[in-house]
Amino acid sequence: MSIKVRIPQPLQKLTGGAELVEVSGSDVKSLIADLDKNFPGFKDRICDETGKVRRFINIYINDEDIRFLEGDTTKINDSDEVSIIPAIAGG
Amino acid sequence: MSYIKGLKCRECGREYPKEALYVCEYCFGSLEVTYDYEKIRKHLTKEKIENRKKNMWRYRELLPIEGEPTDGLNSGFTPLIKADNLAKVLGVKELYVKDDSVCPPTLSFKDRVVAVALSRAKELGFKTVACASTGNLANAVASHAAVAGLESYIFIPADLELGKVIGTLIYAPNLMMVEGNYDEVNRLCSEIAGKYKWAFVNINIRPYYAEGSKTYGFEIAEQLGWRTPDHLVAPCAGGSLITKIWKSFKEFHKLGFIPEVKTKMYAAQAEGCAPIVNAIKERSEIIKPVKPRTIAKSLAIGNPADGYYAMGVVKESGGWAESVTDDEIVEGIKLLASTQGIFTETAGGVTVAVTKKLIEQGVIPKNESIVISITGNGLKTQEAVQNKIGKPAKIKPTLKSFEEEVKV
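Read top to bottom, the protein sequences are chains D and S. My numbering numbers the first residue of the first sequence as 1 and each following residue consecutively. My numbering numbers the first residue of the second sequence as 1001 and each following residue consecutively.
Think of the hints as simulated: they come from the structure by calculation, not from any bench. The C-beta atom is built at its ideal place from N, Cα and C for all residues, glycine as well. Certain hints may be false.
Stretch by stretch, here's where chain S covers chain D in the computed footprint (C-beta under 8 Å, at least three residues) [claimed, not checked]:
| no. | segment |
| --- | --- |
| 1 | 3 to 10 |
| 2 | 75 to 81 |
Listing some non-contacts, in silico: residues in chain S with all C-beta distances to chain D over 12 Å [said to hold, decoys possible]:
| no. | residue |
| --- | --- |
| 3 | 1002 |
| 4 | 1038 |
| 5 | 1061 |
| 6 | 1224 |
| 7 | 1290 |
| 8 | 1396 |
Let the hints inform the model, and build the full structure from the sequences given.
Structure representation (structure tokens):
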């Protein structure tokens, strides 16, 4: 199974400059685990010490924020596209 | 002369050079400018400020640029009005309105942040500026970029008020109307910002940009005679403004310009988009994003980037938070117009209505000083009040027709 994940600029150092990577996973948690396996250190960056996604990071599955779905237990399907995006200022 | 030390993560404290960076690579916390306050203390005095031109750059040492300011040279130093008529209606003793509905040149507080962002973007070598906007920022970036001769790319949600669209297009920027709400525009822009080497004022220039809001607070303190009010009500969208007003008061105190800051800070939002207010009222540690549904489009940010800091300021200051319905927002706009002659946009309707509510609840006492933040102009959001302010009497150009209409 392969899911496309958009990598934000501050994390592209970990992915060797790639802005789009393909990993596998059945939900957000296992996807992050697979990202960490392929790109060591990834999980520490986007999750805090308790393993929760950091509060300044937004994860979207297709166009929906996972906080409107089931958070890190949200299921992911093969054709889904995941984006990891840092919070940005108002305007 | 430069007074900037560098950038620092607001979460983990890691330090970064003063470049076009905006999030901590390690924890994704936002970066904030740090200053050499010892050096500022040596060069800046109250008297020096008072003798400078009446614009936001009179506080230049406390703003994050290295050379001389180049943009927004007439922005800021808007009136702080003693609002006695409104005070009478609300039954309070000492009430002021800080009126950025007349901030030059685009009639909102966003001229302040853009003045700093563009001055800094040029120092960093950028030739193109960009922003994601709910309208006021779009107006300000387009205007200031036109003056500076910079190319601009501006991204707005498709349902924006006509006044804000025209108020942007008049400056001939590259205007992109995105089919989606502001949070979706933001998301798109953060992807574009990663790919194109532009100065996105509220993304990669954000640490510098956001500091411009401090001038709104500096002015309040100076105009009150070098003191801060007992209570200050500020609108919250992304949550940055209230945070920076608080920072401005703290900085003035640190420099010895004002006594200890005892101001209570109040966050104001529309009921249809109140993630910060709800978290404060529910005493929750988590700010839950919402999908905005309100006429206050300039505050319609469902996923506020600075929400946690805004919440922190409210708690630290001993203030509180409140939200109001769309009808209350319209009443707030009308109340400010009928008492003080100021026509504010929906965000101003929110702060006026929230102030009224907090006074009625007894949260804000009646015998202490209060400042209401008015951050934008009503001519930009006419749709919000169009059908709620009566109609003109239509008459023929004859005395008879007039006298039939008006029973004096």
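We went through each hint and held it up to the structure:
1. Counting residues of the segment 3 to 10 of chain D whose C-beta lies closer than 8 Å to any C-beta of chain S gives 4; at least three are required, and the coverage claim holds.
2. Residues of the segment 75 to 81 of chain D with a Cβ under 8 Å from some Cβ of chain S number 0, which does not satisfy the need for three, so the listed coverage is violated.
3. For residue 1002 of chain S, the requirement that its beta carbon stay farther than 12 Å from each beta carbon of chain D is met, with the minimum near 23 Å.
4. Even its closest Cβ contact with chain D, about 29 Å, leaves residue 1038 of chain S beyond 12 Å, as expected for a residue assigned away from the interface.
5. At the 12 Å boundary, the C-beta of residue 1061 of chain S stays outside the reach of chain D, the nearest C-beta of that chain being 23 Å off.
6. With a least beta-carbon separation of about 26 Å from chain D, residue 1224 of chain S lies farther than 12 Å from that chain, consistent with its non-interface assignment.
7. Consistency note on residue 1290 of chain S: stated as away from chain D, yet its beta-carbon is not over 12 Å from all of that chain's, at 9 Å minimum.
8. No beta-carbon of chain D is positioned within 12 Å of the beta-carbon of residue 1396 of chain S; the least distance is around 48 Å.
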